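Colleague: Order-wise, the sequence lines are chains A and B.
Residue numbers for the first sequence follow this note's numbering, so the first one is 1 and each next one is one higher.
Residue numbers for the second sequence follow this note's numbering, so the first one is 1 and each next one is one higher.
Since the hints were made in silico from the structure, they are not lab data.
Since we're looking at a predicted model, the values are computed, not measured.
Keep in mind that the hints are not guaranteed to be accurate.
Subject to a maximum C-alpha distance of 25 Å in a straight line, what follows is the list of computed SDA-like cross-link-like pairs (lysine to any residue) [unchecked claim]:
id : chain 1 : residue 1 : chain 2 : residue 2
1  : B       : K369      : B       : L336
2  : B       : K369      : A       : I19
3  : B       : K190      : A       : R25
4  : B       : K369      : A       : L86
5  : B       : K369      : A       : T7
6  : B       : K69       : B       : D107
7  : B       : K369      : A       : F8
8  : B       : K190      : A       : E32
9  : B       : K190      : B       : R200
10 : B       : K190      : B       : P238
11 : B       : K369      : A       : D93
12 : B       : K369      : A       : L87
13 : B       : K190      : A       : A71
14 : B       : K69       : B       : A211
15 : B       : K190      : A       : G89
16 : B       : K69       : B       : L169
17 : B       : K190      : A       : S16
18 : B       : K190      : B       : R160
19 : B       : K190      : B       : R173
20 : B       : K69       : B       : I128
21 : B       : K369      : B       : T384
22 : B       : K69       : B       : A243
23 : B       : K190      : A       : G85
24 : B       : K69       : B       : F217
25 : B       : K190      : B       : A243
26 : B       : K369      : B       : A243
27 : B       : K369      : A       : G85
28 : B       : K369      : A       : G12
29 : B       : K190      : A       : P41
30 : B       : K69       : B       : A207
31 : B       : K190      : A       : L86
32 : B       : K369      : B       : G381
33 : B       : K69       : B       : R52
34 : B       : K369      : A       : E73
35 : B       : K190      : A       : L87
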Amino acid sequence: MNGKTRTFAYPGNGRSLEIDAALCRACGACFEVCPHATIAPDADGVARVARREACMECGACARACPFGAIAVEAGVGCAAAILSGLLRGTAPDCGCGGSDGGCGDGPPCC
Amino acid sequence: MPRPMTPGAGRTALAPPPAAAPRRGSKLEIRAPGRGGNGPDSAYGAGGSLPRWAEAWTDTAAGRVLRVKTAPGFRDRLDLLRSRLVRRRERIRVAPGLYAVGAPGADTPVFVTANYKPSFDALRFALIHRDAWLLALDTKGVNVWCAAGKGSFGDEELLRRLRASRLDLVAPRSDLVLPQLGATGVSAWKVARATGRRTRVGPVRAADLGAWLDAGFVAAAEMRRVRFGLGERAVLIPREVAARAGLFALALLPALAFAWAAGFGAASGAGGAGPAALAARALSWWAAPAGGLLAGLVAFPLALPLIPFRRFSAKGALLGAAWAAAWLAATRLPPLESAAGALASTALSSWLALEFTGSSTFTSQDAVKRELRIALPLQIGGLTLALLALGARLVLALADAAGGAR
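Isolated chain A, as found in the complex (with noise of 0.2 Å):
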């Protein structure tokens, strides 16, 4: 690989991330999912958090833990979605996914 990964982070990410230590079991499962590499394991394989500002709250970590010992308010960090869903009274929605609805937005992945 290239080597150089490029260290994104957002002022305010990652603020309903939690970790409860005493229920991790340090089996591994939610840094392997984190695309930002932003939980990491102490010396004991026990998940921290590493980097806060990198955590896009996507909530990958909560749902790949078998023990619950994740908690993180998950959803679409984008600006058009939250703004259709403040105008309509919605949950922030992009939209897309509909027969009819076209995603305007939404990140890049294969």
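For chain A, the structure is supplied; the task is to place chain B on it using the hints.
Modeller: Just chain B now, with coordinates in the frame of chain A:
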């Protein structure tokens, strides 16, 4: 051969009415990709109507599945190109269901993906010279990460699709390889518990699958990271610009109004301005908002990590203001036009940059909400002031004309 009775081979959640339910023998069932996708061979027609990206039909213990090609064809490249340009890219999709790569067997891994064709394509190209099963979930033509965020790439759909494709018959001992970015929607341990299969989390990028497989399902740290480098940001630009073409046209209206006001004043006085002069004046004002739009849509994604400030709206405003400064120096229009143009450029660039949070890969919802609360009133305020300046200019022109006519 008796009809396979897979435990819980759920007819419940699967949409088609009983009479239309395609059975394994019903060969001429041709349906639009993306609808239903019951049995392995139900979505595409039999015989001559192979999709271009498929090599042949392959027989399995539960019917036929398509064996896909692993090298990109012209149409695949065209689809990828289209996905980067068109607004409704979710129409570029394949039918959900099971597919084969090479000659997979009863214990060959099953790679789970979305039915957005570029996602599906990236996966099959990454599996060249290998044997594998592909399982495309019905994500309505949305890529893995976005669909996982929305829940359509989720536990429920995965379990439903496993039942519908009768994987217990086709490949009873296969592991499931889940894409890492699907983890927002799919819980690997829950799926393992529900299916009795081993689940593995593949790398972020399909292109790394070969190395991941060769390393014995071990991902280097780099494979687990979303990068969002210059190239990944740049490919987003054409669609963003195409989607906002209307804004460029819309900005022509105030440009013409400004030019008309300027020409009106001049014509009522001594000078007089011909259509060419009016058009030139309109274009010189239009360059301000148009440049602001380009700053937010093109310069911002390209230069994202290099722009000072950390909040997207501030970065965008800076680019828009920089363009405004250059524009002011070059055009030297009267004060009201200048103020309106500079404000419009800054506000538009700031908003488009903030909207790019939806395309970026690292902004959390709560953090964007916080930024939105501060930035949006400023952006709306800036545009409102620009419109007020336009209104004032028109009033002045009319007053000027009335004075000249008297």
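Colleague: Against this structure, judge whether each hint is valid.
Modeller: Taking the hints in turn, this is what the structure says about them:
1. B:K369 <-> B:L336: violated, 33 Å
2. B:K369 <-> A:I19: holds, 23 Å
3. B:K190 <-> A:R25: holds, 17 Å
4. B:K369 <-> A:L86: Judged against 25 Å, a Cα distance of about 10 Å means the pair holds.
5. B:K369 <-> A:T7: Distance ~22 Å between B:K369 and A:T7 Cα, so the pair holds.
6. B:K69 <-> B:D107: holds, 21 Å
7. B:K369 <-> A:F8: Judged against 25 Å, a Cα distance of about 18 Å means the pair holds.
8. B:K190 <-> A:E32: Cα-Cα ~16 Å, so holds.
9. B:K190 <-> B:R200: This hinted pair holds, its Cα atoms lying about 12 Å apart.
10. B:K190 <-> B:P238: violated, 39 Å
11. B:K369 <-> A:D93: holds, 13 Å
12. B:K369 <-> A:L87: Measuring from Cα to Cα gives roughly 13 Å; hence the hint holds.
13. B:K190 <-> A:A71: holds, 17 Å
14. B:K69 <-> B:A211: holds, 20 Å
15. B:K190 <-> A:G89: violated, 33 Å
16. B:K69 <-> B:L169: holds, 24 Å
17. B:K190 <-> A:S16: holds, 23 Å
18. B:K190 <-> B:R160: holds, 14 Å
19. B:K190 <-> B:R173: holds, 17 Å
20. B:K69 <-> B:I128: Roughly 8 Å between the alpha carbons, so the hint for B:K69 and B:I128 holds.
21. B:K369 <-> B:T384: Roughly 22 Å separates the two Cα atoms, so the pair holds.
22. B:K69 <-> B:A243: violated, 32 Å
23. B:K190 <-> A:G85: Between B:K190 and A:G85 the Cα gap is close to 30 Å, so the pair fails against 25 Å, i.e. violated.
24. B:K69 <-> B:F217: holds, 23 Å
25. B:K190 <-> B:A243: The given pair, whose Cα atoms are some 39 Å apart, is violated under the 25 Å limit.
26. B:K369 <-> B:A243: Cα-Cα ~23 Å, so holds.
27. B:K369 <-> A:G85: OK: B:K369 and A:G85 at ~11 Å, within 25 Å.
28. B:K369 <-> A:G12: holds, 10 Å
29. B:K190 <-> A:P41: Within the cut-off at roughly 23 Å; holds.
30. B:K69 <-> B:A207: Cα-Cα ~16 Å, so holds.
31. B:K190 <-> A:L86: Roughly 33 Å between the alpha carbons, so the hint for B:K190 and A:L86 is violated.
32. B:K369 <-> B:G381: holds, 18 Å
33. B:K69 <-> B:R52: holds, 9 Å
34. B:K369 <-> A:E73: Holds, because 13 Å separates the two Cα atoms, which is no more than 25 Å.
35. B:K190 <-> A:L87: Violated, at roughly 36 Å.
Taken one by one, the earlier hints fail for this structure at numbers 1, 10, 15, 22, 23, 25, 31 and 35, listed in ascending order.
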